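Asks: So the sequences go chain by chain: A and B.
Under full-length UniProt numbering, read the first sequence as residues 1 to 804, first letter to last.
Under full-length UniProt numbering, read the second sequence as residues 1 to 804, first letter to last.
Be careful, since some hints might not be right.
Taking beta-carbon pairs under 10 Å as the criterion, some of the chain A residues facing chain B (in silico) [said to hold, decoys possible]:
no., residue
1, 254
2, 255
3, 257
4, 340
5, 375
6, 382
7, 666
8, 676
9, 677
10, 695
With a Cα cut of at most 25 Å, we get these calculated SDA-like pairs of lysine to any residue [what the hints assert, rightly or not]:
no., chain 1, residue 1, chain 2, residue 2
11, A, 692, B, 345
12, B, 675, A, 705
13, A, 377, B, 345
14, A, 470, B, 673
15, A, 181, B, 375
16, A, 181, B, 373
17, A, 377, B, 375
18, A, 345, B, 660
No wet-lab data here; the hints were simulated from the structure.
Note that the structure is a prediction, hence the values are computed from the model and not measured.
From the three backbone atoms N, C-alpha and C, an ideal C-beta is built for every residue, glycine too.
Number of protein chains: 2
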Amino acid sequence: MATLSDIGVSALINILTAFAFLLAFAVLRIQPVNDRVYLPKWYINGGRSSPRSGGNFVAKFVNLDFKTYLTFLNWMPQALKMSESELINHAGLDSAIFLRIYSLGCFLSYGFKIFVPITVVALFILIPVNVSSGTLFFLRKELVVSDIDKLSISNVPPVQFFVHIGLEYLFTIWICYMLYKDYDNVATMRLRFLASQRRRAEQFTVVVRNVPQISGHSVSDSLDQFFKTNHPDTYLCHQAVYNANKFAKLVRKRDRLQNWLDYNQLKFERHSEKRPTKKTGFLGLWGKRVDSIDFYKQQIKEFDKNMALERQKVLKDTKSILPVAFVSFKSRWGAAVCAQTQQSKNPTLWLTNWAPEPRDIYWQNLAIPFLSLTIRKLIISLSVFALVFFYMIPITFVQSLANLEGLERVAPFLRPVIELTLYYENIITIIAGLELLILFDQRIYTSFLPGLALKILLYILPTILMIMSKIEGHIALSTLERRASAKYYYFMLVNVFLGSILIPRTIGVSIPMKATFFITYIMVDGWAGIAGEILRLKPLVIFHLKNMFMVKSERDREQAMDPGSVDYPETLPSLQLYFLLGIVYAVVTPILLPFILNFFAFAYLVYRHQIINVYNQQYESGAAFWPHVHSRIIASLVISQLLLLGLLNTKEAANSTPLLAILPILTLSFNQYCKHRFEPAFRRYPLEEAMKKDIMDQTTEPDVNLTTFLADAYLHPIFRSFEEEELEEVRVDKVRVDKNQSYGDNAQSQTSDDHSSPSPPHHPTTSAPQDVYHHGFPPQYAYNFSSPTHYGYHYEAEPGNSRD
Amino acid sequence: MATLSDIGVSALINILTAFAFLLAFAVLRIQPVNDRVYLPKWYINGGRSSPRSGGNFVAKFVNLDFKTYLTFLNWMPQALKMSESELINHAGLDSAIFLRIYSLGCFLSYGFKIFVPITVVALFILIPVNVSSGTLFFLRKELVVSDIDKLSISNVPPVQFFVHIGLEYLFTIWICYMLYKDYDNVATMRLRFLASQRRRAEQFTVVVRNVPQISGHSVSDSLDQFFKTNHPDTYLCHQAVYNANKFAKLVRKRDRLQNWLDYNQLKFERHSEKRPTKKTGFLGLWGKRVDSIDFYKQQIKEFDKNMALERQKVLKDTKSILPVAFVSFKSRWGAAVCAQTQQSKNPTLWLTNWAPEPRDIYWQNLAIPFLSLTIRKLIISLSVFALVFFYMIPITFVQSLANLEGLERVAPFLRPVIELTLYYENIITIIAGLELLILFDQRIYTSFLPGLALKILLYILPTILMIMSKIEGHIALSTLERRASAKYYYFMLVNVFLGSILIPRTIGVSIPMKATFFITYIMVDGWAGIAGEILRLKPLVIFHLKNMFMVKSERDREQAMDPGSVDYPETLPSLQLYFLLGIVYAVVTPILLPFILNFFAFAYLVYRHQIINVYNQQYESGAAFWPHVHSRIIASLVISQLLLLGLLNTKEAANSTPLLAILPILTLSFNQYCKHRFEPAFRRYPLEEAMKKDIMDQTTEPDVNLTTFLADAYLHPIFRSFEEEELEEVRVDKVRVDKNQSYGDNAQSQTSDDHSSPSPPHHPTTSAPQDVYHHGFPPQYAYNFSSPTHYGYHYEAEPGNSRD
């Protein structure tokens with residue numbers, strides 16, 4: 001273990017690193033040429049179209065206004081200026097709630113709310129107690145392993161432990177109180193957010209999975225029939241889903257070819273004396289040399305032909321219609337009813353759930369046969385289990401080989417090498433974003449080969465976890481990210497936290513001893529790592545590379561921007577790890593708390609800045625991740641209680657443990673209560689709310705045509721991209737239909753006819769509503785492919801021909 | 001442990017006991033005087049009104065037809081005659097499915113389906129293997145403890161264990177396959193049963209809990225307003241719930257007094273020379289001597305006065321209206337929607353769920369404030385945990401004192417005493433229904449005092465568990481019984497099964513050794529105990545006592561009958577224990593299997609007879625207990641796999657354990673799949689089914705007045721009992737309302753008006769539907785207490801006065 005001076009040096013290095021990053025950021029961000037790297041959100045929002053700069057050529061790239069260099073830290077107050085409601089409007093509820101985990105507003109909420117009083121109490125009460133009793137809890141002694149070894153555990157007066165137990169109770173109550181208040185707040189915010197949202201397709205839409213295949217009936221027919229029968233008053237229309245995964249792959253490949261063509265054309269324009277050539281073989285290393293521009297043009301042409309064929313196949317082949325559909329209702333109430341009820345006798349058929357918002361859908365997974373989902377889930381959970389627990393084996397092995405001190409004692413001449421490696425590794429780690437790596441560096445010094453293997457494994461871990469989540473078959477990006485995040489959390493919990501603490505046999509010694517290790521971890525990952533986040537080195541480099549080689553038009557430059565987004569699968573688990581560290585060490589080694597507080601403050605600032613100026617969230621889940629955050633903080637509480645229990649047991653203060661044993665039970669009951677009280681707000685949509693919004697809509701905008709509004713909301717984006725060429729066509733189609741016969745009127749007359757039938761139940765089911773629905777909305781949007789030329793996503797646009 | 005001859009003697013005694021009971025039953029049942037004890041179900045069904053017998057006086061009480069004595073075992077084929085569909089009509093689905101657990105139809109299903117092939121395979125494969133390898137598995141040696149002690153475990157060739165592992169796989173697959181098929185069958189039967197049920201109140205009704213109290217609004221007003229807003233198309237009416245617990249208690253007390261009065265009057269009629277007297281003091285032991293008839297008449301009069309007051313309080317006091325209501329809908333679809341969706345923003349308010357059928361409601365618990373339920377559940381689960389695990393402490397203590405052999409060795413002269421005690425205890429146990437007691441008899445012989453304490457504890461255990469379930473606050477009797485049953489199962493699992501097996505340290509020795517113990521258990525509880533069930537000694541005695549002292553009229557005799565019902569909280573757990581025993585010992589000690597098979601066959605016969613002729617089920621839950629049965633058999637499988645795993649480990653066949661370790665995971669996944677696939681059929685009601693039934697109703701009986709049908713369905717039965725006197729009044733009321741204005745017409749015109757409004761969502765919410773509902777059904781049935789004399793349950797009937 002590190003000595004006190006080691007910690008000091010490490011702190012210094014990390015603070016300097018963080019400061020260097022901040023300085024670099026401050027200088028780079030005010031250069032006009034980097035404007036699109038550091039302020040992409042404003043470009044996307046339309047709030048900015050070009051860097052504000054003087055007229056001359058140099059000023060276009062380099063900031064010559066030296067005054068601005070003096071105020072280079074002013075991004076910090078700027079980041080704090082925006083109010084929470086503005087932030088929700090600007091970046092969505094997800095981002096606002098994400099920041100809330102770090103802190104809220106004036107630095108006086110959540111992360112802070114929890115840890116500020118705890119830090120004060122712990123430092124002022126526990127440190128004196130620990131010092132006076134001269135135990136293991138006393139920080140200074142603990143840092144020196146050899147001293148700890150000599151400490152006699154039994155000489156601690158057991159009465160002292162009651163202070164720790166009392167504080168554990170106090171902290172638990174405080175944290176639970178804060179958690180309750182914040183769950184309440186967030187749930188209210190979510191409901192308010194949902195209530196204030198304008199009309200959105202997902203409010204009216206339900207995703208139906210496992211539509212049964214009846215021979216002789218198309219999926220669309222079954223859907224129509226089923227919902228007309230069982231939701232006669234509220235069913236509006238549906239959008240079939242096509243298996244366009246192969247088509248999408250072709251589109252991606254074609255885009256890549258187009259990029260190469262653009263690159264070569266740009267090259268030719270700049271050096272028009274020589275046409276660019278390339279070899280046709282593998283990676284352009286061998287084969288016949290051909291003219292690049294002609295080659296790519298030819299390739300693209302061939303691709304276009306294939307794509308047209310594939311598109312025809314998608315549209316014509318009935319097999320490409322998946323047994324999944326997006327079913328829309330006339331009211332939010334109707335959708336809420338359908339989403340929350342069981343439809344069919346066989347509970348594996350006609351599975352309904354709220355549709356994710358269109359941009360949140362992970363289209364590939366809609367093609368997964370529903371029956372395989374159970375098996376997929378089983379396999380993935382076994383794999384995650386194996387991954388989480390077998391990662392420990394190499395780690396334990398490496399750890400068992402030697403530790404830093406052990407090695408030093410054996411070979412003291414290695415010390416400078418080790419230290420150099422440590423700091424070199426730190427810097428590499430931060431730059432590459434391998435925050436986790438540092439956790440293992442004590443082991444890595446001693447054996448570089450296993451270290452390298454670990455490094456690679458750790459680097460690809462988030463990718464592996466994301467792939468695993470995708471295999472599980474979730475259909476929303478937000479769900480995928482939450483699932484990956486959960487897996488990462490389990491990994492960290494077992495391998496980083498419990499692995500470090502439990503592998504050494506005696507908990508009593510290992511928890512306090514590991515404090516120094518975690519202090520280093522917080523400094524490297526939390527301080528320097530976060531500072532690296534704001535610098536955005538990777539997007540910076542990529543943007544400039546793209547800018548240099550591929551950007552021709554303003555639109556290309558637009559596409560070269562990579563705003564990124566909050567990486568929930570990585571940040572949420574590490575955030576939860578900090579909560580865990582703070583909660584566990586609050587009673588055991590309170591000196592860790594200021595480091596954590598520092599992390600929360602700094603990360604809050606940085607992420608606030610990034611969310612306001614950089615990130616562009618792909619979807620809006622309405623803070624759906626909150627229940628996970630909540631329950632994992634509860635888990636941290638229980639872990640801390642159990643560890644304290646173990647600690648006291650090893651200290652032969654076992655008679656005081658029954659006192660502490662009640663605490664986990666109470667904490668878990670509290671969690672149950674919260675789950676019962678607040679979680680429904682994140683999973684279901686109350687009918688009361690749905691009805692309220694429906695009525696409001698009805699009074700404010702009685703004439704809106706919902707069918708038109710919903711018509712192409714749930715179209716695979718790959719079709720949408722080609723729609724632009726035929727958009728005019730589609731619009732004509734819609735208008736034509738609307739002129740012919742308004743759906744709304746028709747439905748009303750239909751329904752009122754039906755209601756003249758004698759007695760309850762009065763749902764209209766007898767007189768054929770078939771015609772009405774067919775006239776009511778353009779059937780081709782829903783499912784009918786009889787005239788594919790009407791389609792928005794008719795790929796090879798042939799204007800004048802496709803219109804009939 | 002018992003030796004082989006001990007087992008033989010025990011078997012003989014138990015078989016003789018069982019036979020004696022059967023003989024007694026055969027003789028007693030054909031005596032006309034016992035007709036109402038052994039055939040009450042037919043009296044209740046109306047299929048029988050008096051015993052068929054000859055004319056003379058003696059023949060009224062004793063069967064003189066000696067031919068019938070010769071065919072005294074013919075109840076067995078009779079019990080098998082009834083087909084399953086007839087059985088469902090006769091006794092309900094619950095009973096039919098309950099029998100299905102034992103076996104089905106021609107002895108070839110479920111219990112049998114599972115164990116017949118397993119027994120055959122196990123006996124023919126395992127016994128030879130065990131014999132040839134000469135291991136612990138070999139039955140004969142195992143029975144003699146001293147021989148077992150000498151057995152060397154390591155001399156077993158590990159290859160032999162692969163036979164056991166293979167069979168464990170085979171059995172698991174077979175059981176899972178049977179379970180799957182039967183879950184499927186039962187789910188289908190349930191849905192078919194629900195679909196074939198005629199119109200019932202609970203199909204249209206939802207119970208709403210935690211209706212928020214808004215000051216200035218009555219509960220009824222809030223209810224009406226909320227459901228008219230949020231279920232405008234389907235809401236029909238609601239029935240408020242009154243806190244009549246105190247009133248019900250008074251009624252019960254009055255009934256008791258009435259019984260005493262009847263008894264005394266009867267006594268006086270028979271011995272008219274002397275008026276009966278009693279002392280007024282405690283238990284009639286001291287105090288002033290008074291005339292009994294006058295005393296009870298006086299008491300009843302006072303009670304009637306108090307009850308009238310209390311009734312007024314219930315009706316007038318707004319505080320007696322609970323925040324609970326039964327809300328009825330115009331269609332099953334509407335009720336299904338409401339029951340399955342979240343109503344309010346605050347998920348702890350407006351909690352909806354399917355209403356239990358009226359006779360299934362446990363009215364007392366409706367008065368429990370909803371907020372206290374969480375705490376109640378917590379407290380009860382802690383108590384159950386304590387109960388289950390602290391029961392073990394005295395048992396272990398008693399067990400540690402001595403065991404049978406130990407005692408015998410020390411004091412051989414005690415042997416006859418011990419054996420006498422054993423068989424005396426057995427008989428006592430069977431008669432008193434203390435089946436569980438026998439489990440502990442080995443310990444009880446050695447120390448009678450702790451044994452007595454245990455006996456008392458065990459005797460009151462089911463009562464304790466039922467009280468605990470009641471405290472938990474479930475509102476349906478069926479749920480209460482299922483919960484009590486679950487608790488009893490946990491108790492048996494931990495104390496009877498695991499307690500016996502795990503308390504001795506080495507599993508490897510204890511599982512096979514305990515086989516003899518469980519064989520005895522099966523014989524005592526399963527054979528003799530079941531035979532005791534058919535004899536119905538307790539109801540027999542009580543019926544004749546009542547008949548002698550209290551029965552005056554035919555109606556009194558009707559009430560003196562105690563048909564009883566299947567005691568699910570006790571029989572289901574013990575049934576599950578037999579499954580557990582069979583599954584665990586199938587591989588370890590297959591000789592146990594024939595005993596279990598025998599039990600299933602015999603119990604099936606007996607219960608089939610009882611269900612057809614005796615039991616009168618209080619409620620019909622539609623086999624809602626099945627998911628529990630299923631999951632507990634799965635639990636048995638997993639336990640058996642884990643125990644085999646432990647067994648092989650102790651046998652140093654550890655290298656074969658990974659093979660077995662996958663099995664529990666697969667089994668649990670199978671359970672997950674089944675849960676996902678079938679459980680919804682037991683918890684929810686699919687909209688498809690609801691709609692189908694609605695449409696069918698609409699076409700077959702379009703003119704039915706649902707309001708009349710539902711009006712008093714969910715009235716507290718305590719009010720109902722007085723209704724008979726005023727039934728005429730109520731009927732007039734209903735007819736009057738129906739003549740005035742049909743609800744159906746009114747609602748229709750209302751709805752069709754609304755549908756002319758322009759666009760979706762089209763739920764009528766604007767024009768006041770208040771009036772419609774008020775005219776539509778007699779408001780006093782729903783909530784309005786303005787004219788209490790209209791009430792059916794107006795207690796002190798004053799005909800001519802109450803009609804206005």
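Asks: Evaluate each hint against the coordinates.
Replies: Hints versus structure:
no.: 1; hint: 254; result: 41 Å, violated
no.: 2; hint: 255; result: 40 Å, violated
no.: 3; hint: 257; result: 45 Å, violated
no.: 4; hint: 340; result: 4 Å, holds
no.: 5; hint: 375; result: 9 Å, holds
no.: 6; hint: 382; result: 7 Å, holds
no.: 7; hint: 666; result: 9 Å, holds
no.: 8; hint: 676; result: 7 Å, holds
no.: 9; hint: 677; result: 6 Å, holds
no.: 10; hint: 695; result: 6 Å, holds
no.: 11; hint: A/692 to B/345; result: 11 Å, holds
no.: 12; hint: B/675 to A/705; result: 42 Å, violated
no.: 13; hint: A/377 to B/345; result: 32 Å, violated
no.: 14; hint: A/470 to B/673; result: 21 Å, holds
no.: 15; hint: A/181 to B/375; result: 20 Å, holds
no.: 16; hint: A/181 to B/373; result: 22 Å, holds
no.: 17; hint: A/377 to B/375; result: 35 Å, violated
no.: 18; hint: A/345 to B/660; result: 36 Å, violated
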